[in-house]
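Asks: Letter by letter, the chains look like this.
There are 2 protein chains.
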Amino acid sequence: MKWDEIGQMQCSVARSSAVLGDRWTLLILSDVFLGVRRFEDFQKRLKLSRTTLATRLQMLERHDVLRREQYQSQPVRYEYRLTAKGRDLFPVISTILNWGDKYYADDADVPIIRTHKTCGHDIQPQLVCPDCGEPVNERNMTGRARAAVASHPDVERGPFSRS
Amino acid sequence: MKWDEIGQMQCSVARSSAVLGDRWTLLILSDVFLGVRRFEDFQKRLKLSRTTLATRLQMLERHDVLRREQYQSQPVRYEYRLTAKGRDLFPVISTILNWGDKYYADDADVPIIRTHKTCGHDIQPQLVCPDCGEPVNERNMTGRARAAVASHPDVERGPFSRS
DNA sequence: ATATGTTAGTCCAAAAACTGGACGGTGTCG
DNA sequence: CGACACCGTCCAGTTTTTGGACTAACATAT
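Note that the protein sequences, when read in sequence, are chains Z and U.
Residue numbering for the first sequence follows our numbering, beginning at 159 and increasing consecutively.
Residue numbering for the second sequence follows our numbering, beginning at 159 and increasing consecutively.
It is possible that some hints are incorrect.
A pair counts as met if it fits within one copy or between any two copies, since identical chains are not told apart.
Dumping the calculated DSSO-like pairs for lysine-lysine here, alpha-carbon to alpha-carbon at most 30 Å [claimed, not checked]:
no., residue 1, residue 2
1, Lys160, Lys260
2, Lys243, Lys260
3, Lys260, Lys202
4, Lys205, Lys260
5, Lys205, Lys160
6, Lys275, Lys160
7, Lys205, Lys243
8, Lys260, Lys275
If you're looking for bench data, these hints aren't it; they were derived computationally from the structure.
Please model the complete structure; the sequences and the hints are all you need to start from.
Replies: Shown next as structure tokens:
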């Protein structure tokens with residue numbers, strides 16, 4: 159299966175993977191949320207090849223996650239900014255950051271300290287049920303999979319298993 | 159930069175990317191949360207090459223995300239199960255699913271409907287501040303980056319920018 | 001007893017993706 | 001004028017991924 163074909167699968171994770179699923183894209187997006195916007199800055203910070211960076215930025219633009227915006231003329235230069243769709247990736251980057259902090263941070267030295275401006279506390283955002291407000295995890299969630307998944311009778315257990 | 163080196167970077171997103179950042183890993187993990195546990199099932203469902211699947215499973219085992227557990231002898235066979243570290247990826251997969259559902263689901267036809275067992279409602283989990291309980295997003299969060307990031311004076315804006 | 005099926009891989013050669021570094025274009029500054 | 005900043009593209013060499021054949025150890029059916 160080719161990368162492009164993954165984007166055609168009937169599965170939200172698969173389609174998201176077609177966008178997010180490579181070594182660099184998550185890093186680039188993380189930098190964008192940090193305020194990085196320009197080609198040279200991405201390249202200096204991430205040390206990936208210019209070719210790959212150009213390819214990724216074009217891909218993210220094509221998928222409407224970033225948009226190129228002119229910030230000067232003479233010479234004409236563009237910077238990359240998040241679209242609304244891109245901003246909606248905040249929870250994804252944020253939960254990845256939570257996980258990385260938990261398992262990979264050096265000796266209680268969390269690389270990025272996040273503060274909730276509204277209440278002023280340093281926090282790690284948590285997942286809750288928007289209905290009852292209780293925290294959710296793989297044990298208190300179930301899922302009814304649709305056709306594509308349900309057609310595999312082997313899949314009977316787990317939080318997203320068939321009901 | 160090589161893949162292995164990314165895991166050495168002083169950045170939780172980078173280190174997580176060294177594990178999660180490829181075309182197949184997110185799909186495999188999503189299937190694991192759906193209850194898939196065996197080599198053949200992964201291969202049939204995801205249609206990736208057996209070689210790549212074997213490589214990925216070994217990598218996830220090496221990173222202590224999955225563990226191989228014998229489920230029969232004669233012949234000896236193993237299945238793959240989540241470790242505690244792996245289960246902690248639930249919020250990551252879940253927020254990716256939210257994003258994919260929002261932007262890629264076919265005509266109001268969400269492929270996996272998730273139910274919160276505790277309260278019984280069909281929901282999409284949301285990110286909140288564990289302190290005040292309010293929803294968080296890229297606008298009401300800030301972050302103080304540490305050395306590695308703070309040394310880049312260009313990074314001044316965005317939710318994780320230096321304070 | 002032989003044939004067929006199930007499951008978990010490994011091996012190989014071809015195709016695709018990624019790499020670093022040079023290069024091009026367009027401007028500014030001193 | 002020379003040096004620098006910025007955003008890319010081009011190229012040849014390396015690494016990764018791919019599909020399909022193949023092994024191995026049993027179980028089950030004929």
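Asks: All the hints need checking, so say for each whether the structure fits it.
Replies: Hints versus structure:
In this assembly of identical chains, the alpha carbons of Lys160 and Lys260 lie at most 30 Å apart only when taken from different copies (24 Å versus 33 Å within one copy). Taking the shortest alpha-carbon separations for Lys243 and Lys260, both the intra-copy value of 27 Å and the inter-copy value of 9 Å come in at or below 30 Å. Within a single copy, Lys260 and Lys202 get their C-alpha atoms as close as 27 Å, which meets the 30 Å cut-off; across copies the closest is 33 Å, which misses it. When the C-alpha separation of Lys205 and Lys260 is checked against a cutoff of 30 Å, the pair qualifies only within one copy, where the shortest distance is 25 Å, while the shortest distance between copies is 32 Å.
Taking CA atoms no more than 30 Å apart as the test, Lys205 paired with Lys160 passes in both settings, with 26 Å inside one copy and 10 Å between copies. When the C-alpha separation of Lys275 and Lys160 is checked against a cutoff of 30 Å, the pair qualifies neither within a copy, at 43 Å, nor between copies, at 37 Å. Proximity of Lys205 to Lys243 under the C-alpha cut-off of 30 Å is found in both arrangements, the shortest distances being 26 Å within a copy and 29 Å between copies. Taking the shortest alpha-carbon separations for Lys260 and Lys275, both the intra-copy value of 22 Å and the inter-copy value of 26 Å come in at or below 30 Å.
This entry does not satisfy hint 6, going by the numbered hints stated previously; all others are met.
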